[in-house]
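Chemist: In case you want the letters, here they are:
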Amino acid sequence: MTLTFDTVLIANRGEVALRIARACKVLGLASVGLYAEGDDAQRHLALVDRAICIGPAAPGKSYLDKERVLRAARLTGAQAIHPGYGFLSENAAFAQAVAEAGLTLIGPPAAIIRAMGDKIEARRQMMAAGVPCLPGTEGALPEDMAQAHALCEAVGYPLIVKASGGGGGRGMRVVNSPAELDSAIQTARQEAVHAFANGDLYAERFLTTPRHIEIQVLADQMGHALWLSDRDCSVQRRHQKLVEEAPAHGISRAAVAELGQHCVAACQRMGYVGAGTFEFLYEDGRFYFIEMNTRLQVEHPVTEMVTGIDIVAEQIRVAGGLPLSISQDQITLDGHSIECRINAEDPQKFIPSPGKITRWRPPGGPGVRVESHLYEGYTIPPSYDSLIAKLVVHGATRADAIARMKAALGEMEIGGVLTTIPLHQRLMDESAFKSADISVHYLEKLLSRDDGGSNGQ
Amino acid sequence: MGSNHAVTDRVARLRDIVARMRQGGMALLDYDDGQTRLLLRLAPEPGAQNAVSAPLPPPAQPASAAVPSPDLGVFHATHPPASGKGMAVGDKVSAGQIMAFVEVGPIVLPVVAPAGGQIGTINAVEGQSVGYHEVLFEIAPA
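Note that the protein sequences, when read in sequence, are chains A and B. Taking the working numbering, I'd label the letters of the first sequence as residues 1 to 457. Taking the working numbering, I'd label the letters of the second sequence as residues 458 to 599.
Isolated chain B (complex conformation):
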């Protein structure tokens, strides 16, 4: 009886996590607290566009690549609640690298480098509210 309840509860929590991942356009969750590890990899939603991959492809001869915010939210240089320095001008990044985070309510979305190179400008500071697709970084080609 008790274990049945625990299973139902766990399924309900998983459903909730998946719904939140869908809402935030998350594809991968890797949680590890030392005792339990939870790895969730979601199949792409049919017909849905991924908010994270929405940024426009860079032009053929890019002077620099703009790194847009995935959504309207709060900018974090590192994954909250951890604190740290985050990226700095001049840092090298590779395509697909997570550069910072944007917090939207309970969800933390990654800011992903669309191309590799060197950070030219950083347009947001820790805790700043940022708009949907607002340019947060400019990456100069390496």
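Chain A with its partners taken away, still in its complex shape:
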């Protein structure tokens, strides 16, 4: 059986563009790389069959420019577009434009991207599919404050007021008691109108020390869907994940499997196609849906390491009309995997550190995988994301994986820019991390203790 396309346009840059180029090679597909002016030294551009500059360095006129990306596909004869993550990967208007141009988006249909991008609609669909959700308001909060108070009383305090069209912490307010509700709604609504041109708010229960647990899914166009594994991505700073692992430590496998089945049901109910992730908060033995990411995720390799499944290859195959090459009962979980995101940033202040790579010595050995577009002499441009490498390890147990990560981090040398390697080395030695006794607030608390210490000196 063959795919409905033979040439894939990689509409992204950096490590994920390289990951996609490699998957195309494995599948015997031709690939086209696109780049912004001045960003032509990326490693994947040497692997693709054709590379083309689509516009100026500013992402809005290149990687984020829907019309230019589509024009590049037309001009190079690519029939499919892989959006990677970030940029246009969750842009419903882009997905629709790709379909209208008669091309294939390697991702779900535009209507699903749009529905999952609307938090109220996503929540409604999850409730209908039996996916556990936080206690919350069903639709948008009414303007009438008496009604809003009654609805929030039913949700229970503490709660969080969120913008329906929002993300990234904007249009969000934690409300500890009814006395704080009026002003929280007022300011959140102002922010929401300002940032997202949509003043719709909803409220849901606020968890104090949750973990971030997510489920990787894959679905084909024949209506088959399966869940691959769970991941724990609790080590975060400002909603940016830094360390991810699979499986989640200390959660009953039966509970995870039940959650996975709910996610599969939700995929089948909405007609999902491709790779996707259901994100949850986990507290006191219960999961609560937060959002669905309708794309490939940065941390997909940890799931690949414990299941042996090439998620990107499967994603491309199903977009090309092939059925999933595995079934649920063939999926097994082998050992433990951890990923550290190596960012070109100051490891204490997290200020981006672009510049020329003067030294590059990636680590190796059993169970060590490096996903990176770096090479010696490459200059990291300042205009884009600071992720420069993903260091992924696989061990028999979590302790074994931590030991391998420590060794690999110690071996890894990146010269010329500051990186988050020292922070990861420290985390691998932290007793709370080693015992997996962490919530989504763990890293920020650890870092704020540092600030307190340095202020006192």
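Warning: the hint list may mix true and false statements.
Stated by the list, open to error - From the structure, some residues in chain B lie toward chain A, with a derived Cβ separation under 8 angstroms:
1) Ala463
2) Leu529
3) Val531
4) His590
Bear in mind the hints are in silico, worked out from the structure with no lab data behind them. Positions of the beta carbon are idealized from the N, C-alpha and C atoms, including for glycine.
Assemble the complex: chain A is given as a structure, and chain B must be docked to it using the hints.
Modeler: Okay, now just chain B, sitting in the frame of chain A:
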């Protein structure tokens, strides 16, 4: 009544033409079909950079001047739909001369020589897709 409609229609068409010229970074349009002549010269857009003049200035002692494509599009040696031979290696060009064209959807953009000299290399063939600022010609100093 009918003439009012015709005027409104003509204004709407002009607006459309100007918008397309702006989109393509065009400054001058000279249309002549033997009966009607339309000459449009647009004032520079405030704050906007001209896509055609975006190429970097040549270095002080240029070995050769690179002629970049004005945009991502299809290369044409002559203005479509006309056909012809276009420029050849060894041809002399002067600064500002239109050397070829790049078609971007409904718009045809000129490829302009940034400096005078003699064409050393031609890197694109008729109908080829070319990238934004991709070097299409090299001009050796005369």
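Chemist: For each hint given before, does the structure comply? Return the numbers of the non-compliant ones in rising order.
Modeler: Going through the list in order, the structure violates hint 1 alone and respects the others.
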